[in-house]
Amino acid sequence: MPEPVIVTEGLTKRFGDFTAVDAVTFAVEAREVVGYLGPNGSGKTTTIRMLLGLLRSSAGRAEVLGYDIDRETEAIRQRVGYMSQKFALYDDLTVWENLTFYAGVYGVMETGHLTDTLARVGMGDLHRERVADLPVGWRQRLALATAIVHNPRLLFLDEPTSGVDPLARRAFWDLIYELVESGITAFVTTHFMDEAEYCQRVGIMRAGRLLAMDAPSALKREALPGRAWDVRPADLLAALAALEAAPGVQRVGLAGDHLRVIAAADVEGAALAKAAGDGRAGVEVTPAEPSLEDVFLALAG
Amino acid sequence: MAEPLLQARGITKRFGGKAAVDGLDLALFPGEILGLVGPDGAGKTTAIRLLCGALRLDEGEVTLMGLDLRRQVDRAREHIGYLSQRFSFYEDLSVMENLRFFAEIRGLSGVEWGPRANEILAFVGLAEFTERRAGKLSGGMRQKLGLASALVHRPKLLLLDEPTGGVDPVTRQDFWQLIIRMVRQEGVGVIISTPYMDEATRCSRVALLQNGRAVAEDTPENLRRRLAGRIVEVRGAPLAALRAAAAGLPGVADVQAFGDRLHVRLAAAEPETAIAALRAVLAGTDIRLDDARAIAPQLEDVFMAYAGRGEIQDA
Numbered sequence: 001m002p003e004p005v006i007v008t009e010g011l012t013k014r015f016g017d018f019t020a021v022d023a024v025t026f027a028v029e030a031r032e033v034v035g036y037l038g039p040n041g042s043g044k045t046t047t048i049r050m051l052l053g054l055l056r057s058s059a060g061r062a063e064v065l066g067y068d069i070d071r072e073t074e075a076i077r078q079r080v081g082y083m084s085q086k087f088a089l090y091d092d093l094t095v096w097e098n099l100t101f102y103a104g105v106y107g108v109m110e111t112g113h114l115t116d117t118l119a120r121v122g123m124g125d126l127h128r129e130r131v132a133d134l135p136v137g138w139r140q141r142l143a144l145a146t147a148i149v150h151n152p153r154l155l156f157l158d159e160p161t162s163g164v165d166p167l168a169r170r171a172f173w174d175l176i177y178e179l180v181e182s183g184i185t186a187f188v189t190t191h192f193m194d195e196a197e198y199c200q201r202v203g204i205m206r207a208g209r210l211l212a213m214d215a216p217s218a219l220k221r222e223a224l225p226g227r228a229w230d231v232r233p234a235d236l237l238a239a240l241a242a243l244e245a246a247p248g249v250q251r252v253g254l255a256g257d258h259l260r261v262i263a264a265a266d267v268e269g270a271a272l273a274k275a276a277g278d279g280r281a282g283v284e285v286t287p288a289e290p291s292l293e294d295v296f297l298a299l300a301g
Numbered sequence: 001m002a003e004p005l006l007q008a009r010g011i012t013k014r015f016g017g018k019a020a021v022d023g024l025d026l027a028l029f030p031g032e033i034l035g036l037v038g039p040d041g042a043g044k045t046t047a048i049r050l051l052c053g054a055l056r057l058d059e060g061e062v063t064l065m066g067l068d069l070r071r072q073v074d075r076a077r078e079h080i081g082y083l084s085q086r087f088s089f090y091e092d093l094s095v096m097e098n099l100r101f102f103a104e105i106r107g108l109s110g111v112e113w114g115p116r117a118n119e120i121l122a123f124v125g126l127a128e129f130t131e132r133r134a135g136k137l138s139g140g141m142r143q144k145l146g147l148a149s150a151l152v153h154r155p156k157l158l159l160l161d162e163p164t165g166g167v168d169p170v171t172r173q174d175f176w177q178l179i180i181r182m183v184r185q186e187g188v189g190v191i192i193s194t195p196y197m198d199e200a201t202r203c204s205r206v207a208l209l210q211n212g213r214a215v216a217e218d219t220p221e222n223l224r225r226r227l228a229g230r231i232v233e234v235r236g237a238p239l240a241a242l243r244a245a246a247a248g249l250p251g252v253a254d255v256q257a258f259g260d261r262l263h264v265r266l267a268a269a270e271p272e273t274a275i276a277a278l279r280a281v282l283a284g285t286d287i288r289l290d291d292a293r294a295i296a297p298q299l300e301d302v303f304m305a306y307a308g309r310g311e312i313q314d315a
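Protein sequence lines correspond, in order, to chains A and B. My numbering numbers the first residue of the first sequence as 1 and each following residue consecutively. My numbering numbers the first residue of the second sequence as 1 and each following residue consecutively.
Do not take every clue at face value.
[To be verified] Here are the simulated SDA-like cross-link-like pairs (lysine to any residue), alpha carbons at most 20 Å apart as the crow flies: (1) LYS86/A <-> ASP40/B; (2) LYS156/B <-> ASP257/A; (3) LYS136/B <-> ASP257/A; (4) LYS156/B <-> PHE29/B; (5) LYS220/A <-> ASP40/B.
[Said to hold, decoys possible] Pair by pair, the computed Cβ-Cβ distance ranges are: (6) LEU93/B <-> ALA264/A: 42 to 50 Å; (7) GLY124/A <-> GLY16/B: 25 to 33 Å; (8) ASP235/A <-> THR130/B: 52 to 60 Å.
[Stated by the list, open to error] Stretch by stretch, here's where chain B covers chain A in the computed footprint (C-beta under 8 Å, at least three residues): (9) 169-177; (10) 197-204; (11) 292-299.
Just so you know, the hints here were simulated from the structure itself, not pulled from any lab data. Ideal Cβ positions, reconstructed from N, Cα and C, are used throughout, including at glycine.
Whole structure, please, built from the sequences with the hints as guidance.
Below, the structure is given as structure tokens:
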């Protein structure tokens, strides 16, 4: 059995009367990609800051790479990388100058290693480019390079692909998967469903509590308290109100030209059609694949 | 079919010789939400700025409710609400004071703006916060105030440029419920730009933009149907080896890795053949195949297919 890379037991952080992280327990194995999904203020960043040793915990315990987060912070920081959503890059410096700056912070001086690091993120021929001239996707890669220049075993990624399109996101995640193949473990905080889909397991945070942690497909299968349906009535708003009052219906959301309904497992499509159409026929009701957003709203909404 | 609220024909905008928007045609009907979806640099923001008259057209024409945007931009703007990625308020003014300011620059009289301000603040859910300073609002509340400001003069066309960047999923859900409700109740037409596929699926129609042009335009349903039978979801371990094996099969156009599964895109809708070929190539290896099945394509699959090689043939 491999040693877990992160273990937390009842990890808690209080600021005065406010509990930002509330008795969170989970484990992350080596070479896993684990996401931490939650709205702003749900305790994601506070958790990461404790795991990085930047913030002392109030209760519970946690180990990162076998080191205690409150007592062995130096050892942890030498062995983990952190890429924040606001990449701390120097715009006026070149790619190479940015990388050597971060390498210097970690005492990494060997030129060959820096060249290799740039090649790993696919920037081997961009040494002399000024950061200000790079598109967002390349800055992201450079930020990743600065986070892995000291060969960390664990990488924390804070909303690494927020604001980018699926193409750029996919290119970035392919890099992450390559790093994971080479032995790195990745812990990703995000409030984007699209980003969470790239994780092998996803934890759902709400108001400081970890509500569930599992593979995205398992969450969709098991964490949803019912079945998902798409309902296409003639009058969307009237049907919305009618369905909200219908027995067994857990959630109704407007989805553009139709309604997304989550209803208890024993509610049949015909019953939904009847409720949505006020008894009249012609309402199309089809079973839907639940999305991670359905799960999230069901657990955290 | 009703008259379009907005009609854009061949609109073009060049910056230093490079066309950011290149001969784009768009039509929007009342009660519709049209999504402009595309990668960074596809021309989404430029298109929206052209449609609200903030940028001058180099070529083409835009008609809004019968008004020519090139010659009657001031009159046309009376019907346009606009919310950009980086809207800002007077941080020291209250919610109501900010709204009054926006109402007045929109030409609403003192008699008109008060009742309308109360109505719109109630609609977006800020009725209890009229005295709060804008600087003290949460991200979600700021966004609602932005929406209220854009709607205060009862526009017929609402232009939203990536309005939900940086807000969390619960807030995003609330925002979309408001937009869809407004469209349904008041027959407003909305054009929204977004890089997010989950937002695109909420639109009535989606235009996929690339290099300033629409490479596809249809309802999210119909766009997804274009890939019917061509997406196979594969699970197993190790995923990287499985991905390499799938990518090497004949008839496989592309393989995308997600956290716990692969999406294999086929060149033709023959999922049974592809799944059989995958099983054959994995036989005798230590790569485990847990599940392989044709799934309903996601909008993201469609986006990738168009972005990749333009391999979808438009019907």
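- Query: Is 42 to 50 Å a correct range for the gap between the Cβ atoms of LEU93/B and ALA264/A?
  - Reply: holds, 47 Å
- Residue count check for the stretch 292-299 of chain A against chain B: does it reach three with CB-CB under 8 Å? It holds, with 3 qualifying residues against the three required.
- Message: Checking one constraint from the list: CA of LYS220/A to CA of ASP40/B, max 20 Å. Satisfied?
- Response: violated, 30 Å
- If you check the beta carbons of GLY124/A and GLY16/B, does the distance land in 25 to 33 Å? Check passed, 30 Å falls within 25 to 33 Å.
- Can the restraint linking LYS86/A and ASP40/B be considered satisfied, given a maximum Cα separation of 20 Å? holds, 18 Å
- Message: Check the hint pairing LYS156/B with PHE29/B against an upper bound of 20 Å on the C-alpha distance.
- Response: holds, 10 Å
- Do three or more residues of the stretch 169-177 of chain A come closer than 8 Å to chain B, measuring C-beta to C-beta? holds (count 4)
- Message: Can you confirm whether the C-alpha distance between LYS156/B and ASP257/A stays at or below 20 Å?
- Response: holds, 19 Å
- Item | Agreement of LYS136/B and ASP257/A with the hint, judged by alpha carbon distance not exceeding 20 Å | violated, 35 Å
- Indicate whether the distance between the beta carbons of ASP235/A and THR130/B respects the range 52 to 60 Å. violated, 32 Å
- Coverage claim, chain B over the stretch 197-204 of chain A, checked by counting residues with Cβ within 8 Å (three needed): holds (count 6)
Checked against the numbered hints above, the structure violates hints 3, 5, 8; every other hint is satisfied.
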